[in-house]
Amino acid sequence: MRCALLTLLVAAAAVGAAPGPSCPVTAPGEAGTRTRLGPAPRRTKAGMDRGTGDRDRDGQAGMDGDRDGIGWDGLGRTRVPPTAPGALAWDWVMLGVTGMRWGDTGLPQPTPPSPLFSPPPQRFASVPRFVELLVVADEAMARFHGEGLRPYLLTVLAAAARSFRHRSLGNAVELRVTRLLVLGPGTPGPPPTSNAAEMLRNFCRWQQGLNVPDEDDPLHFDTALLFTRQDLCGAATCATLGMADVGTVCDPARSCAVVEDDGLQSAFTVAHELGHVFNMLHDTAQPCRELNGATGAARRVMAPVLSSLEPGEMWSPCSARFITDFLDNGHGHCLLDRPPEWLPLPSALPGSVYPVLRQCQLAFGPESRHCGDQQPPCARLWCTGHSGGRSVCQTKHFPWADGTPCAPGSACMDGACVSITRMQELTTPLDGAWGPWGPWSGCSRSCGGGVRLSHRGCTEPEPLHGGRFCRGKRTRVQSCSVDECPGGSGERHEQCAAYNRGPELGMGLPAPRDWVPRYSGVAERDQCKLICQSQTLGYYHVLQQRVADGTPCSPESTGVCVRGRCIPAGCDRIIGSKKKFDKCMNCGGDGSGCTKVSGAFTKPRYGYNDVVTIPAGATHVLVRQASDPGAEDVFLALRRPNGESLLNGGYILVPSATDVALGKGITLRYNGATEATETLQGRGPLPQPVVLQALVVDERRPPRLKFSFFVPRRPSGLLAHRSPLGPWPHPFRPLWVRDVDGKWNCDWGVSSEHARSRDWDQWVALRGFGRLWGRFVGIWGDEGIWVYLGGIWGDF
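Going by my numbering, the first residue of the sequence shown is number 1, and it counts up by one from there.
Don't read these hints as lab results, they were simulated from the structure.
Keep in mind the model is a prediction, meaning the values are calculated, not measured.
Cβ coordinates follow ideal geometry from the N, Cα and C atoms, glycine included.
Treat each hint with caution, since some may be false.
[Said to hold, decoys possible] Simulated crosslink set (DSSO-like; lysine-lysine; CA at most 30 Å straight-line): (1) K583 to K596; (2) K578 to K664; (3) K580 to K596; (4) K578 to K603; (5) K664 to K580; (6) K664 to K603.
[Said to hold, decoys possible] Here are the computed distance ranges between Cβ atoms for each label pair: (7) E460 to G576: 24 to 30 Å; (8) C447 to D414: 35 to 41 Å; (9) R205 to E313: 35 to 41 Å; (10) R713 to Q208: 55 to 61 Å; (11) G650 to G591: 51 to 57 Å.
Required output: the full structure, derived from the provided sequences and hints.
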């Protein structure tokens, strides 16, 4: 999702009048803004807004350049094979888009795990993070501040750093300024513009060229900040204080923010924009409303309107939850290294350095003065200005800076005038310590593998006044209800099916009634989102940001999802277990219970050719068809034994990756007909037999189709039928059969074995036995008996 915009509430009153806004009106603002203003002498800054058009975040259009949250592809196209009597149609399934975050509903495409994603060193743990900052001030900043620019910037950043050390953040995050650049006249820099979105894009491109990839290099930085005195504008108004991309902290191309300098309160603009970089939403966003409760956390850092903060509070529960989940899911790996060098930030409170007169000048211009008759002190900074030809007092609803003298022996702290002794108490750091572990939660599932959780908080004591946040594990996870569920179609299938009667998806699209899980094209970091696809309509959607705890991460993984993160587990569904499936898909097995079946397709005929019937119970299915670049000769297809098409039937091809659902949570993954090498694969075991086909459109090219899978060595039973063809003359590779003693035997050269027939209550002597490809697998008996394998092999 793109960009968050910050705006500030401004009010004004005539000199000598009561403080506060008069005649409140609603002014036009950008999408998502809330504007509340009186006759202010300066343009209104009305709330940390997300912008308009394709730069919105909180439920508005244009998330990160994607469309409207539905997975799409391009238009269809028709190709006519050289020897085909008609057209071979391409059924273009709907593909996803990149860069999706919390509120998005499209499917993120696969992205490399580095540098954007890496598993954290410890699961559900508080570990120190260090944000290495490049701080850039443009020429307008240099003109306004002159020689005082550098200490001013460090003072603002020190206040922002204190906000990230507040206990309400729930994480140990330290801001470290590793580089500070001032762009003077003629200094190369990003192209100047008043458009906030364009300025952010220009700055992000420019700063990437300054970075050094080596994290051990002193010139490396994790995030870049641009300070400007340029009046930033959105699509509709110039009520913008800052802009940043969301959830990009370790992305070298997008971990950046633009901040309009508006006085010492710019520290909270910095904190807000960095909050977005850490994936935080506005506190009024839909996902935050439940997390924040009835109070709504209206006066916290991530509030959409920037005004004074609630005393003693900083971050909302939603902000703490989002940054915690973001870091727990591995998105802050670049912050784990402590920088070798950084610029020290001043420890003095800003009000002790910048008196109230200077605070007014920084916020409202060099001609502004403090309105000294406005009471009480510290609560709100009122400064002089002009509007409509008369003098007014104006405020941005922020208190005097902490440390500002307010009375003899007293100074401002959190908007109140307190004694110096009390102020020293309020600025003495107190480190936090873990409280006791809480009780275990209930199991997330009644069968099939669930998890239960236990938490502890950094509460005994809570860290105060910039004290260190607790380090170590904050959540324990334990497996439960690991017994197999009776029947069922698979955990993720059930969760998708729960939406089969959901509301419309928007864009006039009806809600499907046949949701199934989608695995193809899902990035590793998105495996624990509930991404479902309509079998008939083709499009797919992120229906939930998290699957239920205990859900397998993917068909190829034994890991389970816990709080949106894939946690390693064994095939026995126990977290931390080392047990693995063998090639037969037996948990903890040694692979001796099955045998590999492999073959190739060598005799093409135009149209659909049956290659092999893959039986029920087959595991580790792998099919490959290699074609020359640009060649359209052979394509993979799949059908049921009754003729029902499962993939690429009716001369209609699926060009992109898709999942073939076979029931009971089992799928085969197909990479698409447009790939030079088509693949069809899955771990199984298959719940029913399927027929692999080759669709030949050019008989002149030799096919390069190979397949393999594993089948159990021990059939579940034998079915015997007479054959009119007489004894079979050729030797076969033997299969397992049961002798009269009930033992299983298998070897080459056995002249006779005994097998019990289900249909005949007698013993049948078998002379040679093996298997044939096609619609059956059989053993030829002495008396002209075809013995079909049932059960695991399926009833063909």
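Is the hinted pair K583 and K596 satisfied, with a Cα-Cα distance of at most 30 Å?
Cα-Cα ~9 Å, so holds.
Given a hint of 24 to 30 Å, does the C-beta separation of E460 and G576 actually sit inside it?
Because 28 Å falls inside the window, the suggested range holds.
Holds or violated: the 51 to 57 Å window for the beta-carbon distance between G650 and G591?
violated (39 Å)
Indicate whether the distance between the beta carbons of R205 and E313 respects the range 35 to 41 Å.
Holds, at about 37 Å.
Distance restraint evaluation - C447, D414, Cβ atoms, bounds 35 to 41 Å:
violated (52 Å)
Against the range 55 to 61 Å, how does the distance between the Cβ atoms of R713 and Q208 compare: consistent or not?
holds (57 Å)
Straight-line alpha-carbon gap K664 to K603, limit 30 Å
Judged against 30 Å, a Cα distance of about 34 Å means the pair is violated.
Are the Cα atoms of K580 and K596 separated by 30 Å or less?
holds (19 Å)
Does K578 pair with K603 here, judged by a C-alpha cut-off of 30 Å?
Since the Cα atoms of K578 and K603 sit roughly 44 Å apart, the hinted pair is violated (cutoff 30 Å).
Would you check the hint for K578 and K664, treating anything up to 30 Å between C-alpha atoms as holding?
holds (25 Å)
With a cut-off of 30 Å on the C-alpha distance, tell me whether K664 and K580 pass.
holds (21 Å)
In terms of the numbered hints stated before, the structure departs from hints 4, 6, 8, 11, listed from lowest to highest.
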